[in-house]
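Can you make the complete structure from the sequences, with help from the hints?
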Amino acid sequence: MRQTKRRSIHIPGGTSILASLISIGIGLVFGLILLVILNTKAAGGAFVSLVTTGFRSSDKFAKVLYQAAPLIMTGLSVGFAFKTGLFNIGATGQYTVGAAFALIGAIQFQLPWYVCVLLSLIGGAFWGVFPGLFKALFNVNEVITSIMFNWIAMFAVNLTINNLPMMLAKYWGGAQMDRTANLAQANPSALIPRLGLDTLMHSNYMNISIFIAVIFALIAWVILSKTTFGYELKACGYNRNASLYAGINAKRNIVFSMVIAGAFAGVGGGLYFLAGTGQYTLLKQLLAAGFNGIPVALLATSNPIGTIFSAFFVSYIQVGGDAMQPDFVKEIIDIIISVIIYLAAFALLTRELLSRSKMHREEEAESVASADAPAEKEEVSQS
Amino acid sequence: MNDYVIEMLNITKEFPGIRANDDITLRLRRGEIHALLGENGAGKSTLMSVLFGLYQPEKGVIKKDGKIVRIKDPNDANALNIGMVHQHFKLVEVFTVLENIILGVEPQKMGFLEKKEARKRVVELSERYGLKIDPDAVIENISVGMQQRVEILKMLYRDNDILIFDEPTAVLTPQEIDELMHIMRSFAAEGKSILFITHKLNEIMAVADRCTVLRKGKCIGTVDVKDTDKTKLSRMMVGRDVEFVVSKDDARPEDTVLDVQNLTVPSKLHKNNAVKNVSFQVRAGEIVCLAGIEGNGQTEFVYALTGLERPSAGEITLKGEPIVRIAARREKQKASSLPKARTTLMPIRQRSKLGMSHIPEDRQKFGLVLDYTLEENLVLQRYWEPAFQKNGFIKKPAVRQYAEKLIKQYDIRSGQGPVTSARSMSGGNQQKAIVAREIDKNPDLLVAVQPTRGLDVGAIEYIHKQLVAARDNGKAVFLVSLELDEVMNVSDRILVMYEGEIVGEFDPKVTTVEELGLYMAGAKRQSAERTVH
Numbered sequence: 001m002r003q004t005k006r007r008s009i010h011i012p013g014g015t016s017i018l019a020s021l022i023s024i025g026i027g028l029v030f031g032l033i034l035l036v037i038l039n040t041k042a043a044g045g046a047f048v049s050l051v052t053t054g055f056r057s058s059d060k061f062a063k064v065l066y067q068a069a070p071l072i073m074t075g076l077s078v079g080f081a082f083k084t085g086l087f088n089i090g091a092t093g094q095y096t097v098g099a100a101f102a103l104i105g106a107i108q109f110q111l112p113w114y115v116c117v118l119l120s121l122i123g124g125a126f127w128g129v130f131p132g133l134f135k136a137l138f139n140v141n142e143v144i145t146s147i148m149f150n151w152i153a154m155f156a157v158n159l160t161i162n163n164l165p166m167m168l169a170k171y172w173g174g175a176q177m178d179r180t181a182n183l184a185q186a187n188p189s190a191l192i193p194r195l196g197l198d199t200l201m202h203s204n205y206m207n208i209s210i211f212i213a214v215i216f217a218l219i220a221w222v223i224l225s226k227t228t229f230g231y232e233l234k235a236c237g238y239n240r241n242a243s244l245y246a247g248i249n250a251k252r253n254i255v256f257s258m259v260i261a262g263a264f265a266g267v268g269g270g271l272y273f274l275a276g277t278g279q280y281t282l283l284k285q286l287l288a289a290g291f292n293g294i295p296v297a298l299l300a301t302s303n304p305i306g307t308i309f310s311a312f313f314v315s316y317i318q319v320g321g322d323a324m325q326p327d328f329v330k331e332i333i334d335i336i337i338s339v340i341i342y343l344a345a346f347a348l349l350t351r352e353l354l355s356r357s358k359m360h361r362e363e364e365a366e367s368v369a370s371a372d373a374p375a376e377k378e379e380v381s382q383s
Numbered sequence: 001m002n003d004y005v006i007e008m009l010n011i012t013k014e015f016p017g018i019r020a021n022d023d024i025t026l027r028l029r030r031g032e033i034h035a036l037l038g039e040n041g042a043g044k045s046t047l048m049s050v051l052f053g054l055y056q057p058e059k060g061v062i063k064k065d066g067k068i069v070r071i072k073d074p075n076d077a078n079a080l081n082i083g084m085v086h087q088h089f090k091l092v093e094v095f096t097v098l099e100n101i102i103l104g105v106e107p108q109k110m111g112f113l114e115k116k117e118a119r120k121r122v123v124e125l126s127e128r129y130g131l132k133i134d135p136d137a138v139i140e141n142i143s144v145g146m147q148q149r150v151e152i153l154k155m156l157y158r159d160n161d162i163l164i165f166d167e168p169t170a171v172l173t174p175q176e177i178d179e180l181m182h183i184m185r186s187f188a189a190e191g192k193s194i195l196f197i198t199h200k201l202n203e204i205m206a207v208a209d210r211c212t213v214l215r216k217g218k219c220i221g222t223v224d225v226k227d228t229d230k231t232k233l234s235r236m237m238v239g240r241d242v243e244f245v246v247s248k249d250d251a252r253p254e255d256t257v258l259d260v261q262n263l264t265v266p267s268k269l270h271k272n273n274a275v276k277n278v279s280f281q282v283r284a285g286e287i288v289c290l291a292g293i294e295g296n297g298q299t300e301f302v303y304a305l306t307g308l309e310r311p312s313a314g315e316i317t318l319k320g321e322p323i324v325r326i327a328a329r330r331e332k333q334k335a336s337s338l339p340k341a342r343t344t345l346m347p348i349r350q351r352s353k354l355g356m357s358h359i360p361e362d363r364q365k366f367g368l369v370l371d372y373t374l375e376e377n378l379v380l381q382r383y384w385e386p387a388f389q390k391n392g393f394i395k396k397p398a399v400r401q402y403a404e405k406l407i408k409q410y411d412i413r414s415g416q417g418p419v420t421s422a423r424s425m426s427g428g429n430q431q432k433a434i435v436a437r438e439i440d441k442n443p444d445l446l447v448a449v450q451p452t453r454g455l456d457v458g459a460i461e462y463i464h465k466q467l468v469a470a471r472d473n474g475k476a477v478f479l480v481s482l483e484l485d486e487v488m489n490v491s492d493r494i495l496v497m498y499e500g501e502i503v504g505e506f507d508p509k510v511t512t513v514e515e516l517g518l519y520m521a522g523a524k525r526q527s528a529e530r531t532v533h
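Chains E and X, in that order, are what the protein sequence lines are.
The first sequence begins at 1 in my numbering and counts up one residue at a time.
The second sequence begins at 1 in my numbering and counts up one residue at a time.
In short, the hints are calculated from the structure, not lab data.
Restraint ranges, calculated between C-beta atoms of paired labels, are given here: (1) X:A79 / E:R252: 44 to 54 angstroms; (2) E:S189 / X:N442: 54 to 64 angstroms; (3) X:K405 / E:T52: 49 to 59 angstroms.
Listed below are several chain X residues computed to face chain E (Cβ distance under 8 angstroms; list not exhaustive): (4) L308; (5) R349; (6) S352; (7) P360; (8) F366; (9) L370; (10) Q381; (11) Y383; (12) W384; (13) G392; (14) I394.
Note that CB positions come from ideal geometry on N, CA and C, so glycine has one too.
Next comes the structure, spelled out in structure tokens:
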């Protein structure tokens, strides 16, 4: 006979944060072990650069922030849907469509940056509608729909950009056929403002995108924890039957949740490509940034504020990983980063273990302390 | 030879904010039926979970046959021959009876399942104790009473001789309860020891040898049942005198609030209709009770009434407004020739706004969002009202204040007050929270399905008073209950449902439990003319 334990322990935020930190620690240890196995001589130095590069210089730190911004957005996307009981594996598709909307606005229509960010939001939201509608109306699992829509997004965007000659780098005098124009040439007003941060931190990567992402995280937090809308969304996620019973329109909320999740991911795409440092490349490959939102959300246990920090961590490790070249090849570095992120995403499991061991310790201490007491009492009652 | 087969000495178990068991000592003799009595949240289930290894106590020891044992998980409990029938059964729905019984102790030969031997033993056991079962029936197709027999056989199959029954009669019909009592007595006669958790005093008086009473986590005492009576036991349990009979004046029914006409609801389990052509009215100022044995269409009827399910035919009118009207399907209807019959299905939120409240049968599935706090659950039906939100932002202080008011008024006990997670509350207090929420909405029609399921006499008394008070305030109360005591005590009119039909209407002052039982079991039915009022 198997019994499932229903834990009725209230887990305070402290345990959550501690669990995330422990998970990160375990991930790093495994990363180190892998490094030692793969290249013992260079392992020590590589590990030091993995762990310290992000803070070593202001330009590296700028890069951490630059990469963190889109990760926050895709992390928010996945986490927001999680709270509603949906698994948005389509963040990458929404990210791609958001990026495409932003770039088309920027290059084809020569719009300013803030309009382009808004367009990326609309693009991502638009791509979130489909899995939401399919789930709400036909009860098609959102995972299946959003995986298919990832591919549809990627090919549709590639097709569109290929057929808009003005979009491509070549039109603006670039050499490559396979990527979009350099924004600095095509439309400098579409670049996300830097407000002097780039000179301050000596980095081309630095702009205000990190602040925009943080604002979105705050918005997500307010929606989820302060509004009736968030109350309804979470009720649907925690207990669909009870939300039905309470007269909450679950179908509408599923669609809204996916639309908002899509909007977040879309903005992520916009922020990344409007920085001007990356150009959208026409490859038959899904963008990793969307998928990276999943561990970011898990590591943050879907908490929007936590997402800021977990995205920062993932970005930090990626920047550190780049610094391990040339001792380690790019693929090996990717493996090590993946292992670290993978283990770090075990935060939930660690949290469970942590609260369990805490209970266990307390109970051990108690039972030792009280071992004699009942025996005495018993003699009294027997006599 | 030690007299006591199990001794739980000075057990203390704490949860954040609450001491569920405070220095409790319970001794179980060989071959006795020992009742464990207490209010909701008194700590009965916690104490049994400690014995069964689901929780570890902070203090205290457990002795088996005089020797100290540590029970770290249910496997340890099993090894000590302790078995438990849980209130909510732990069966694999898609497995057969036999598969469920042997689950975990499968007899095998070189990795292949050997069912033959097991079947022989199961059949033997079931015959010996009169536990009639079909070993090849699939669990999801058999009745709740039958499922309970499977749980009991599971314990017997494992040679358990200390048997814990956690509120075993809550889901049974009166006839099944009698049978269970008989079976329990035969176990005791064989030298097995039984711990019997219940709040039903009648059952304790009928079957138990001794009774330990818990109140608010403390042990009040252990008494010999033959030296006590119901009044004394209830005083021990609640700490005051309890009225068993609800005192109420005659109903003064007024206008019709709920009008159901020819309602038919399809079944999800089989091809037949679960509710067949049911018609009746409930008027303001009366309590109408739908009685019947579980699974005769009451659940489906309530779902259709409250909007959780779509009926296939019929009409429901609430306060003169149609909330359900299914257009009759005409095979060769020409859209132009006839006025289009429209189907109305009012959404749940609108029904609620119109004045319908619903205490659902399954409190964990529908009634509560278990991962929400108590205060969040208390506004589940009202969070959208201007009192609790402004421009879409929840007014947390207003919610807190409201929750505190309800907690006080309805005596909802929990570890941390309004911010307690609903999941961590005891079943009875979860139920109280739902009842508080639904009654406080001040509805015109209160649909109460098993509102006192799993509650102690003190809480039952309180809820019954609330139902009567709602009635006296001119509200219509529609009660669905499986408990005949409740049916007889509270209602002003009784409708009996059998296989989806209303087979009789009774006046509780005239009819008897026995008569109702016959109608509930389908042995008798009133002719159609007599049911029309």
